[in-house]
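Colleague: Under our numbering, the very last position in the sequence shown is 166; numbers go up by exactly one each time.
Please keep in mind that the hints were generated in silico from the structure rather than gathered at the bench. Some hints here could point you the wrong way.
Pair ranges (Cβ atoms, derived) [said to hold, decoys possible]:
hint: 1; residue 1: E71; residue 2: I146; range: 56 to 62 Å
hint: 2; residue 1: E71; residue 2: K106; range: 24 to 30 Å
hint: 3; residue 1: N78; residue 2: Y122; range: 34 to 40 Å
hint: 4; residue 1: N127; residue 2: I72; range: 51 to 57 Å
hint: 5; residue 1: T83; residue 2: T108; range: 28 to 34 Å
hint: 6; residue 1: V55; residue 2: K106; range: 44 to 50 Å
hint: 7; residue 1: I124; residue 2: E71; range: 47 to 53 Å
hint: 8; residue 1: K87; residue 2: E110; range: 34 to 40 Å
hint: 9; residue 1: G77; residue 2: E110; range: 24 to 30 Å
hint: 10; residue 1: Q64; residue 2: I90; range: 20 to 26 Å
hint: 11; residue 1: I89; residue 2: F150; range: 53 to 59 Å
hint: 12; residue 1: I72; residue 2: T154; range: 41 to 47 Å
hint: 13; residue 1: N107; residue 2: F56; range: 46 to 52 Å
hint: 14; residue 1: I72; residue 2: V163; range: 33 to 39 Å
Quantities reported herein were computed from a predicted structural model and do not represent experimental measurements. Don't be surprised by glycine CBs; every beta carbon is placed ideally from N, CA and C.
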Amino acid sequence: MKNITKEVKPFDENKKVFFKTFRFSQKEINEFEIQATEGNYQNTTKMIKDIIINKKYRTITIDLEARKNTIELLTEVRKIAVEYKIIANNMNTQNIESFSSEEKTELINLLFKTTTLYSSIKEKVSRL
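Using the sequences and the accompanying hints, generate a full structural model.
Modeller: Here you go:
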């Protein structure tokens, strides 16, 4: 018979086995929860570790109006990219002289749409 040796899991020195207890009043815990959510922490434990161990505290404020404007700008830029892709595909498939009058009109309309989108983007950026 062979001797079978078992592999033993090595001791983890960073194992979290110690804990501290903090006592808060209801008013303090409410304030603490508000600060944790304003600081954009996933949970209060991470906030406490940041404050005590890393000696830092972060507060992230999000301007919802600016975020909404940024999302609108991104969608309009994507629309322009799609329009240019359509134009490029049409130009690559045929020679411009062989386009029918309807296809030329469609290309002109696509270019007009992209310039309109571009001007609206320019206007929104100037407002920011």
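Colleague: Indicate, hint by hint, whether the structure satisfies it.
Modeller: Evaluation of the provided hints:
A beta carbon spacing of about 58 Å between E71 and I146 agrees with the range 56 to 62 Å that was offered as a hint. Between E71 and K106 the beta carbon distance is about 27 Å. The supplied range of 24 to 30 Å therefore holds. Between N78 and Y122 the beta carbons are some 37 Å apart, a value that agrees with the proposed interval 34 to 40 Å. Checked against the hint of 51 to 57 Å, the C-beta distance between N127 and I72 comes to roughly 53 Å, which is consistent with it.
At roughly 32 Å, the beta carbons of T83 and T108 sit within the given window of 28 to 34 Å. Checked against the given bound of 44 to 50 Å, the beta carbons of V55 and K106, roughly 47 Å apart, stay inside it. Here the CB-CB span from I124 to E71 is close to 51 Å, well matched to the stated 47 to 53 Å. For the pair K87 and E110, the beta carbons lie near 38 Å from each other, so the given range of 34 to 40 Å is met.
A beta carbon spacing of about 28 Å between G77 and E110 agrees with the range 24 to 30 Å that was offered as a hint. The hinted window of 20 to 26 Å between Q64 and I90 holds, with their beta carbons roughly 23 Å apart. The supplied range of 53 to 59 Å is met by I89 and F150, whose beta-carbon atoms lie about 56 Å from each other. One distance hint, 41 to 47 Å for the beta-carbon pair I72 and T154, holds here, with the actual separation near 45 Å.
About 48 Å separates the C-beta atoms of N107 and F56, a value consistent with the hinted range of 46 to 52 Å. Against the hinted window of 33 to 39 Å, the Cβ-Cβ separation of I72 and V163 comes to about 34 Å, which satisfies the hint.
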